[in-house]
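Q: Residue-level listing of the chains:
There are 2 protein chains.
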Amino acid sequence: MVKVNENYLKLPGSYLFQEIGRRTRAFQDQAPMPIIRLGIGDVTRPLAPVVVEAMVKASQEMGHKETFRGYCEETCTAYDWLRYAIQADYKRQGVEIADDEIFVSDGAKSDCGMIGDIFSADNVVAVCDPVYPVYVDTNAMDGRAGEYDGQRWTNLVYLPCTAENGFVPELPEGRVPDLIYICSPNNPTGAAATKDQLKVWVDFANQHGSIILFDSAYEAFITEENVPHSIFEVEGARTCAIEFRSFSKTAGFTGNRCAYTVIPKELERGGASLHALWNRRRASKFNGVPYVIQRAAEASLTDEGRAQTAQAIAYYRRNAEVIRDGLSAAGLAVYGGVNAPYIWARGPEGMGSWDLFDLLLKKACVVTTPGAGFGPSGEGYIRLTAFGDADATREAVERIKAVL
Amino acid sequence: MVKVNENYLKLPGSYLFQEIGRRTRAFQDQAPMPIIRLGIGDVTRPLAPVVVEAMVKASQEMGHKETFRGYCEETCTAYDWLRYAIQADYKRQGVEIADDEIFVSDGAKSDCGMIGDIFSADNVVAVCDPVYPVYVDTNAMDGRAGEYDGQRWTNLVYLPCTAENGFVPELPEGRVPDLIYICSPNNPTGAAATKDQLKVWVDFANQHGSIILFDSAYEAFITEENVPHSIFEVEGARTCAIEFRSFSKTAGFTGNRCAYTVIPKELERGGASLHALWNRRRASKFNGVPYVIQRAAEASLTDEGRAQTAQAIAYYRRNAEVIRDGLSAAGLAVYGGVNAPYIWARGPEGMGSWDLFDLLLKKACVVTTPGAGFGPSGEGYIRLTAFGDADATREAVERIKAVL
Chain A
1045 MVKVNENYLK LPGSYLFQEI GRRTRAFQDQ APMPIIRLGI GDVTRPLAPV
1095 VVEAMVKASQ EMGHKETFRG YCEETCTAYD WLRYAIQADY KRQGVEIADD
1145 EIFVSDGAKS DCGMIGDIFS ADNVVAVCDP VYPVYVDTNA MDGRAGEYDG
1195 QRWTNLVYLP CTAENGFVPE LPEGRVPDLI YICSPNNPTG AAATKDQLKV
1245 WVDFANQHGS IILFDSAYEA FITEENVPHS IFEVEGARTC AIEFRSFSKT
1295 AGFTGNRCAY TVIPKELERG GASLHALWNR RRASKFNGVP YVIQRAAEAS
1345 LTDEGRAQTA QAIAYYRRNA EVIRDGLSAA GLAVYGGVNA PYIWARGPEG
1395 MGSWDLFDLL LKKACVVTTP GAGFGPSGEG YIRLTAFGDA DATREAVERI
1445 KAVL
Chain B
1045 MVKVNENYLK LPGSYLFQEI GRRTRAFQDQ APMPIIRLGI GDVTRPLAPV
1095 VVEAMVKASQ EMGHKETFRG YCEETCTAYD WLRYAIQADY KRQGVEIADD
1145 EIFVSDGAKS DCGMIGDIFS ADNVVAVCDP VYPVYVDTNA MDGRAGEYDG
1195 QRWTNLVYLP CTAENGFVPE LPEGRVPDLI YICSPNNPTG AAATKDQLKV
1245 WVDFANQHGS IILFDSAYEA FITEENVPHS IFEVEGARTC AIEFRSFSKT
1295 AGFTGNRCAY TVIPKELERG GASLHALWNR RRASKFNGVP YVIQRAAEAS
1345 LTDEGRAQTA QAIAYYRRNA EVIRDGLSAA GLAVYGGVNA PYIWARGPEG
1395 MGSWDLFDLL LKKACVVTTP GAGFGPSGEG YIRLTAFGDA DATREAVERI
1445 KAVL
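As they're listed, the protein sequences go chains A and B. One point on numbering: in this note's numbering, the residue at position 79 of the first sequence is 1123, and numbering is uninterrupted. One point on numbering: in this note's numbering, the residue at position 286 of the second sequence is 1330, and numbering is uninterrupted.
By construction, these hints were calculated from the structure, which means they are not laboratory data. Each hint should be verified, as a subset may be incorrect.
Because identical chains cannot be distinguished in the list, a pair is counted as satisfied if it fits within a single copy or across any two copies.
[What the hints assert, rightly or not] Heads up, simulated BS3-like pairs for lysine-lysine below, C-alpha to C-alpha not over 25 Å straight-line:
1) K1135 x K1309
2) K1054 x K1309
3) K1239 x K1309
Based on the provided sequences and hints, a complete structural model is requested.
A: Now the structure itself:
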């Protein structure tokens, strides 16, 4: 008789967004005005013209025998020209990496979720609290999280991120984590770690043989100088870090699906090269990103592509400003939104995340995301995103101001 | 200190295609005529015009705010119209499945390789011998294969597929397998199981609570009436089988990346729905296939799309016939190629796979795949594929005939 992976049975389910959907639908019919959604983390601006052109051209190439492309069997399952374009993008940020340290994939979520495959089940995992749920759930699936007690998993090391520490995690006391997930700029809090703050973690990881799994999917939103775009800007990171990046939020690729993961070739543990293990995994479980999408990604990294995608980023940044200013004016303590597309706002004293969610849904017809859904330290907060339409965002903020 | 997944360290590496590449390169400079490659399983015909049109249109839609698509958040992470098109395709083959039993993905290899995630590490796994290496390697990664002794993994149940049994596996004596991989039409042997032969396995699986992981990536090549295109044509399969299908060989999508996996909703083990477990896995580790690729896949299933892709299939079938006839005329025992794009040929008495490979490389300048690379029972055989250019295929066969 087949036995299923029992770790899956311990998962509490994806209650957060289901519950948001349920409450929103239940209210929809009695809503006195159109509902505006600032909860979801999805982009809304169209792809840049140069990206669309590249996709059209690549699609047409696939229709001719001479220019048709089958399996991508090049290094790291990605075409040279895309790896070189990503390498050049790093170089512009002052980071030197080899092109064959770049693994192109269909999403940062996929890679963040699957990287656990190359690690043993008995590593100690640290996550921030609040946290992007994928880090937690995928480690639970792999058997590294222990049991779920209704709020926390028994085997995870939680790193509280609160207003007191500026939402940047401090080194843990007690158990030393082997795998450390850091997302900066952060989802959900919008906080971004400085170079000095990241150096503390790099030194810790190098000292203990830990690995930092660094998610920089939102690096395009960084505006402040002392915030690194890449963990590899920090000295010592090449011997302790893997970096996950995505075209999703940088170039509006949430419907296009392209991301990449960088594993330095000198990164070893127990004599095994993590680069070689990940390469081996992909050889058996992945065949690369579609040719047309690789061309799209390449186009987004040309001078023209970067200029065009920068306009979308600027558009979202203005939304972030509108939300920050508006919620501050409404008397909320507001964080994030400066180096990130997420705004993290603390509700009125004593009001829980879900109460605030309900209030804003019912009185302002605005959907937010309750911070408690991201972990216990998110209680009392809500997350808003800057990815909406500019007019709708302004209107939503005015409504919230009127309610609070 | 981080511990790596030690199962990866047991893998012998992807020696087969590396070794083929090495020998081919070493010979290349001294080759007296252009080398023809009939070893690789990749398509060469361009995408159908209607598919290219759909990709161009979808690419342009992504450039306008009104028609831009972000995350695909529909059922099973695939658009309704694609799930319905796939469902209709099954219906044409006489198989009724629900649209939300279809999980669209980036590749059958990905899904075959990752489906193990939802099963416990202590299931007994059966594979055919010879076998598509992905089934073996991914189970080794998950810790289900035991140790590699240079030819076989100690914990796997091998099902010999030989000329004597028509390359269709017989029920094992001894250990009862929990997970049973069946690929029909088969890679590498090109054999296809009849409905009666599959019924034996379905009954066995239902009797023992086993699951059949049925890979029908090559179903479009079936020409004989009593060979099922889907395991779900066999009575009882819905309570014991998961099916993997792909647009790769059906519509030339090896560079486009689209496939799907069907899990019946009534498929349960230990009280857990496998459909629910796979859905849960995908929620945390996948964000769906690009919009433009979903549109491409949909177009390939329209009447026009099916008529156009059928031309490519017919083209490859003619190649298969040329190879079959030519190798038979050369005195080899030839199998497959009737319901599959693969031809499995037995070399002269006493000649090993690699010896035959070397002979054909050096004397005929034709690259084949040594059967021994697919498992011990493949010794003495070579695999040839029908996916090449028609003229080159004819020429290669003439050269082989001249040598043997």
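Q: For a quick check of understanding: which of the numbered hints are violated here, in increasing order?
A: Hint check: nothing fails, all pass.
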